[in-house]
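Chains A and B, in that order, are what the protein sequence lines are.
Counted from 1, the first sequence has number 199 at position 199 by my numbering; the numbering is strictly sequential.
Counted from 1, the second sequence has number 1021 at position 21 by my numbering; the numbering is strictly sequential.
Think of the hints as simulated: they come from the structure by calculation, not from any bench.
Note that the structure is a prediction, hence the values are computed from the model and not measured.
Result set (DSBU-like, lysine-lysine): computed pairs, CA atoms no more than 35 angstroms apart in a straight line:
(1) LYS99(A) x LYS1135(B)
(2) LYS108(A) x LYS1135(B)
(3) LYS1155(B) x LYS99(A)
(4) LYS140(A) x LYS108(A)
(5) LYS1135(B) x LYS1112(B)
(6) LYS1112(B) x LYS1036(B)
(7) LYS277(A) x LYS1135(B)
(8) LYS53(A) x LYS1135(B)
(9) LYS1115(B) x LYS1036(B)
(10) LYS1115(B) x LYS53(A)
(11) LYS108(A) x LYS1155(B)
(12) LYS1177(B) x LYS157(A)
(13) LYS53(A) x LYS1069(B)
(14) LYS53(A) x LYS1177(B)
(15) LYS1179(B) x LYS206(A)
(16) LYS108(A) x LYS1020(B)
(17) LYS1113(B) x LYS1036(B)
(18) LYS99(A) x LYS1036(B)
(19) LYS1036(B) x LYS108(A)
(20) LYS1002(B) x LYS1177(B)
(21) LYS1069(B) x LYS108(A)
(22) LYS1020(B) x LYS53(A)
(23) LYS277(A) x LYS1069(B)
(24) LYS1069(B) x LYS99(A)
(25) LYS157(A) x LYS1179(B)
(26) LYS1002(B) x LYS53(A)
(27) LYS1002(B) x LYS108(A)
Some chain A residues flagged as far from chain B (calculated, every beta-carbon gap over 10 angstroms):
(28) ARG33
(29) ARG36
(30) GLU37
(31) PHE75
(32) ASP81
(33) ASN88
(34) ILE133
(35) THR142
(36) ALA162
(37) GLU214
(38) ASP218
(39) ALA222
Quick reminder that beta carbons are idealized off the backbone N, C-alpha and C, glycines included.
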Amino acid sequence: MREISCLEIIDTVARLCIEANYYLGDDVLEALRQARENEVSPVGREVLDQILKNADIASQQSMPLCQDTGVTVVFLELGQDVHITDGNLNEAINEGVRKGYQDGYLRKSVVDRPFSARINTRDNTPAVIHTEIVPGDRLKITVCPKGGGSENMSQLKMLSPAAGRQGVIDFVVECVNRSGANPCPPVIVGVGIGGTIDQTTLIAKKALLRKLGELNSDPELAELEVDILERANALGIGPQGFGGTVTALAVHVETFPCHFGSLPVAVNMQCHSARHKETIL
Amino acid sequence: MKITTPLNNEVVERLRAGDKVEISGTIYVARDAAHKRFMEALDSGQPLPIDPRGQIIYYMGPSPAPPGKPIGSAGPTTSYRMDPYTPRLLEQGLKGMIGKGNRGPEVRQALKKHKAVYFAAVGGAAALIANSIRKAEVIAYEDLGAEALRRLEVKDFPVIVVNDIYGADTYEEGKAKYKRTSN
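Take these sequences, add in the hints, and give me the full structure.
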């Protein structure tokens, strides 16, 4: 049994909220530089230059990369031999979000009464928390601020199993196509295939956390990722939708076994400001 | 091309889809919730808190201003959500909007009819854009927080004309140019 204090969790989450919103990961920066090299459209290249320059300014001036500092999605991998002390785990996560969004001058974008009064909760809570119990005595915390523009372009479809591989590709590509300029391309396309509707969407979101530049380790899924990326980049949407050859930086596919009468597919779109930071306590 | 607000027909007639433009002067900031209140005001015969004639509205909700800066990060939000409200504002004389993403057919029709222009800024370039904002103040709907109505003074704010008064659309043209057929 190993003890982890809620006080440490609060400070850690607050720090991750700020770091995720100010600094792009090296993998994302590298993918954007690569996109700048590969893009054929002059306007597309200028857009990518602005995006890269923006990342420099944000880190140098300690400012959010994007004003939409998102809904705070937090993934926890909690070792079964950890004992949380000094409070309640979920409350500690939310307190960390409250502190990070206040101290980091991050925008509070969460509203309650979503279909009616839409009242801002004023501190960006509640976070969306996904907790997984795993072996060991550590706590891994991943903070992923998720912007509304790309989330709004995400889709779920319950395909018929007969639709197969081609049906999956067509649905995902059409989702990218219909999204156009809205999700702030170049995007990362998170795809979940299989499971139940809750599981499908969750693995699509988790797929966005994978390091850019890495294909799925399963050769069949890696091949699917390459094929979808090729189709998505043939759409012509380009950076910010002004036309170009880089519409998506990557396609990440994850799967989960499902009912023999089902083929659920979820597409979670991620803008180029692909922000997440993690740490292990 | 550099332009200064307020806009008149002569300026708007010169702008073509795809043009790169730098905007200077006063612009207003409103997004979903402020637009809803504009409509409530118009429905009840109340005056709008701003006179929209010749003005530009920027669809944006900034992050909080850190000490020593006029505003936090300040990039565009997705524009289609303002589509239901836009034709009525164009009727009131609004001349420009800055956002990102496609507009619906009603808005594009209204842009032609009322001689107004839709510009896009680069979504996610919010820290860069903040550097072109010299002054920011909340002028109404303060209770809306990041969604309050704001007035900005901008200098060389970089945008691209998406929809001009002639019916052209830079997203459609760009996409058609780079579309490739694949399996």
